[in-house]
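Visitor: Using the sequences plus the hints, can you model the full thing?
Protein chains in written order, with this note's numbering: chain X, 116 to 722; chain D, 16 to 349.
For the record, the hints were derived by calculation from the structure and aren't laboratory data. For clarity, every value in this text was computed on a predicted model and none was experimentally measured. Don't take every hint at face value.
To be verified - Computed cross-link-like contacts, SDA-like style, restricted to lysine to any residue with a CA-CA straight-line distance of at most 25 Å:
(1) D/Lys86 with X/Tyr202
(2) D/Lys272 with X/Arg560
(3) D/Lys346 with X/Tyr202
(4) D/Lys153 with X/Arg560
(5) D/Lys310 with D/Tyr118
(6) D/Lys56 with X/Leu485
(7) D/Lys211 with X/Gly658
(8) D/Lys272 with D/Gln59
(9) D/Lys201 with X/Pro388
(10) D/Lys152 with X/Arg560
To be verified - From the derived model, a few chain X residues whose C-beta atoms are all more than 10 Å from chain D:
(11) Leu249
(12) Ala464
(13) Val629
Where a beta carbon is used, it is the ideal one built from N, C-alpha and C, also for glycine.
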Amino acid sequence: MTAVPAATVSLTNAAAPAGGIGKLSRRRRPNFSRYVGPVAVCAVFTLLIGLPLALVLLQAVMPGLFTAATTGVFSLAPLARIFASPYIAGSILHSLELGVLAACTTTALGGAFAVLVQRCDIPLRRPISIVPWLVFLTPSYLKALAWVLLMSSGGYLAQLGLLPPALGAGFFGLAGLVFVHTLSLFPLAAFIIGSALAGLGSELEDAARLSGAGPLRIWLHINGPLLAPAVALSFIATFAEVLSDFGLASTIARMSSFGVLTYGIYAAASDYPVDFPAAGAQALVLLALVLLVVAADRLLRRRADPHLISGRAKPARLYDLGPWRWLALAAALAVAFLALILPLGAIAARALTSTLGHGLVPENFTLANLSAALTLNTAANDGLMRSLFYAGLTAVIASTLALLLSAQLGRSSPFMRTMVLGLSLGAVAIPGIVLGFGYILVWNRLPGFRDWPFPHYGDGSLLVMGYVAAALPYCLVVILSAIGQLAPSLTDAARLHGVGALRRLLSVTLPLIVLSVVTAFLLTFIRTVFELPMSQMLIPQSGPPAPTLILKLFSHDRDGLACAIALVAMTAAGGAAALIWYPLNRFVGPGRRRAYSGREAALGKLP
Amino acid sequence: MNIRTTLGLALGLTAMSMAAPASAADLVLYDALDFAGPVAKAFQAKTGLTVDVVEPGSTGETLGKIAAEGKNPQFDIVWIDGSAVMERMAADHVLQPVPADEYDKVAFTDLGKSLVPQSHAFLPTGTSTTAIEVNTKKVEPGKLPKSWADLEAFAGSVAAKDPNLSGPAYQWLAGFFQTNGVDAGKALLAKTLTNKSLSGLSSGGKINKAVLTGDAAVGINQDSAIFAKIAAGEPVIAVYPSEGSVSLPQGLGISAKTQHMDAVRKFIEFVTSADGQAAMQNGDDTDYFFIPIIKGVNAKPGRETNITCTHLDDAVASAHESEWKQWYKDKFVQ
Chain X
116 MTAVPAATVS
126 LTNAAAPAGG
136 IGKLSRRRRP
146 NFSRYVGPVA
156 VCAVFTLLIG
166 LPLALVLLQA
176 VMPGLFTAAT
186 TGVFSLAPLA
196 RIFASPYIAG
206 SILHSLELGV
216 LAACTTTALG
226 GAFAVLVQRC
236 DIPLRRPISI
246 VPWLVFLTPS
256 YLKALAWVLL
266 MSSGGYLAQL
276 GLLPPALGAG
286 FFGLAGLVFV
296 HTLSLFPLAA
306 FIIGSALAGL
316 GSELEDAARL
326 SGAGPLRIWL
336 HINGPLLAPA
346 VALSFIATFA
356 EVLSDFGLAS
366 TIARMSSFGV
376 LTYGIYAAAS
386 DYPVDFPAAG
396 AQALVLLALV
406 LLVVAADRLL
416 RRRADPHLIS
426 GRAKPARLYD
436 LGPWRWLALA
446 AALAVAFLAL
456 ILPLGAIAAR
466 ALTSTLGHGL
476 VPENFTLANL
486 SAALTLNTAA
496 NDGLMRSLFY
506 AGLTAVIAST
516 LALLLSAQLG
526 RSSPFMRTMV
536 LGLSLGAVAI
546 PGIVLGFGYI
556 LVWNRLPGFR
566 DWPFPHYGDG
576 SLLVMGYVAA
586 ALPYCLVVIL
596 SAIGQLAPSL
606 TDAARLHGVG
616 ALRRLLSVTL
626 PLIVLSVVTA
636 FLLTFIRTVF
646 ELPMSQMLIP
656 QSGPPAPTLI
666 LKLFSHDRDG
676 LACAIALVAM
686 TAAGGAAALI
696 WYPLNRFVGP
706 GRRRAYSGRE
716 AALGKLP
Chain D
16 MNIRTTLGLA
26 LGLTAMSMAA
36 PASAADLVLY
46 DALDFAGPVA
56 KAFQAKTGLT
66 VDVVEPGSTG
76 ETLGKIAAEG
86 KNPQFDIVWI
96 DGSAVMERMA
106 ADHVLQPVPA
116 DEYDKVAFTD
126 LGKSLVPQSH
136 AFLPTGTSTT
146 AIEVNTKKVE
156 PGKLPKSWAD
166 LEAFAGSVAA
176 KDPNLSGPAY
186 QWLAGFFQTN
196 GVDAGKALLA
206 KTLTNKSLSG
216 LSSGGKINKA
226 VLTGDAAVGI
236 NQDSAIFAKI
246 AAGEPVIAVY
256 PSEGSVSLPQ
266 GLGISAKTQH
276 MDAVRKFIEF
286 VTSADGQAAM
296 QNGDDTDYFF
306 IPIIKGVNAK
316 PGRETNITCT
326 HLDDAVASAH
336 ESEWKQWYKD
346 KFVQ
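Guide: In structure tokens:
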């Protein structure tokens, strides 16, 4: 008699939180722990990005925040000032125009490149698949400099008689900027779309083929819609990247009377006295533009990302292009030549010559720049070693954090996921110089933070923290896109067997996405070696990292030595990345193949 | 528990990995001069005192960093080109006056003495001026400009720095208004700097590049930048305008908040000594080609020193800084 009511009470308590006091306290614990993840995610973002950014943006509406003046706590004057300025209004339009155009062309080129390399049987497929990595290895300011060396009226192409004057004049404008941005950023689009492409498998395609659908129809009606989220993500990421770019803004755009927002922020932040409110107001406009695109994307695409990878995926088949493969090869080689060989050639030529004005004549060639860059215990070498160390440290921290956050987000509400994705992409759009400026405001102005011993303004620790903040959004985009493809059934099965969250992450999720994690690690490593704006704003007092040195040499017109340092740095970063990638690919590869049911073709996407 | 452990591990890893060594040098030097690093190294070798050298890039970027640090400055000494901006920082109490006895210890030449500011905002260590940089491959000898006014003939092909980004460029602009008159100077610049893609460059290096690549026929540049290019074998020459141009002193300023005054004094004394001056000339870049202002020190070979320079009225330049910079930005920077 008494057993039945007891069981009833117990069931009732399990279904509803209202129960006995003892049972209620037992129910609260899991409820609380469910919020620990999102709270930690918010805490990390707030500290790394939110707070510095907020202080910068607050300058736009509270111009007296850090000045002696206590009057005018809230003011819209800085915003009114920038919108009244025809120069700044024009630069907003320029940024928007350039961002949209370049995002379209970059996504198209990156997507086509990913399809060509991953799904088509073209000759030299493997060497060509390394090209995006090598392009990514070259920082935008070096590529911009290389194109200036090539395309200016006294530049290398003109010296060689290969540059029609009309083309040279037309290059320094919107067309040239879109051209260089496309060639410079297509790897980002190729990585994002290629990562989704790798997860497509061939089950759906095979089914369509068996039902009589041709390749065009399959791509239009099956693969295309499935890849749409990745294409949209690629568009947004490249749009944000173009908006926040400073390398081209300060070189080609500057020379083309094509003012953009980032240059305006830089100009406002590089003067005495600094115009913080103008910098903050322009940063606010920049962030608003990016968030608008993210919001528009969410409104237009109200469906969940497809979960493509499950335990039953089959390897994707390579298309046999027949004789067309030679044309495809020629197109891929043309991209490689324009995006990589020509700019690197210009940098190498400048590194190996003593003056620019005397051009490529034999007597102008010298090894002095290279030997100066390679000599041990020099400022150049110290800077290089420092940058490699900071980059390694940043890559470990950022990829670990991104993995943990992605795992948390995978289980969070769609709202939380959208918030974090928006924040990440917003952070991508924030120029490093603005974020670096925010770090100065937080860690050198805010009481509490200012006196905090570690990280501390002026130390390497704060620079590494800044690097992590700059890299985390990229790592999140790469790892989130991989985790988003995992069928929940994989981790659900483990959970039902009582496996804890940490073990599920390490034993189930991580092995399935390990190559994406390594991708994030290597991207961060390479980008950080050359990260310029954060390095500029947070130079450790113990010594400058390589990008600051390179920029200083450029600004002092010693671009020969700067090009030599850049060449050595690229070689060192590339070599270090290869040393990490190849052994890992060798040991991790077989496990991944088993997990993916032998999807070797998809694995071949990365070098 | 697992989630908390994971995040705890992540945060712990973040904290541990950031254990980069903190700086504990005897002096922190902010500068935008090529020779500052080697001079600091020589100072360290001689005195045993350590110097952290922080070089954000251009003068504008160095000043931007100082401005961003506000009331919590991290530097002990700032070493840059330009007297007007030093006066401005002294007026804002970012810098403290250089102790009078430090001037007395230096064997200044007459030129050097004339550069010592009444306010003691900075201690001059050398000087240069602004000249017209001409690409001899692009401009025939008979058509060389001789004055600022002659630059009108090169309208659209004149490279110039944005004074908002370059300390030396503001020194030039204020000096140009001083020698030509503000209204006449503004009118002349309006007729000369007609190509905005060339008139808002950020550094002397970019002026050199514009002139060397042929994008500009002539440039308005710090003369030591031109002599560094001449020494490197580039086809350029420096033309001094007949109206005269103002001197551009390199100066050491002392942070108002420094806690290392003894080390600061030792650094000043080293820089103005024979060893310090030798280290300031032991290189091939722009700033090594300064005009010495200490007795017994000669300029680097090839460096013109017989130049008639006037001195800038720093008070006027400092008072109009924001207004003139804004005017330049509105007119000549896109």
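Visitor: Name the hints, by number, that the structure is in violation of.
Guide: Numbers 1, 4, 7, 10, in rising order.
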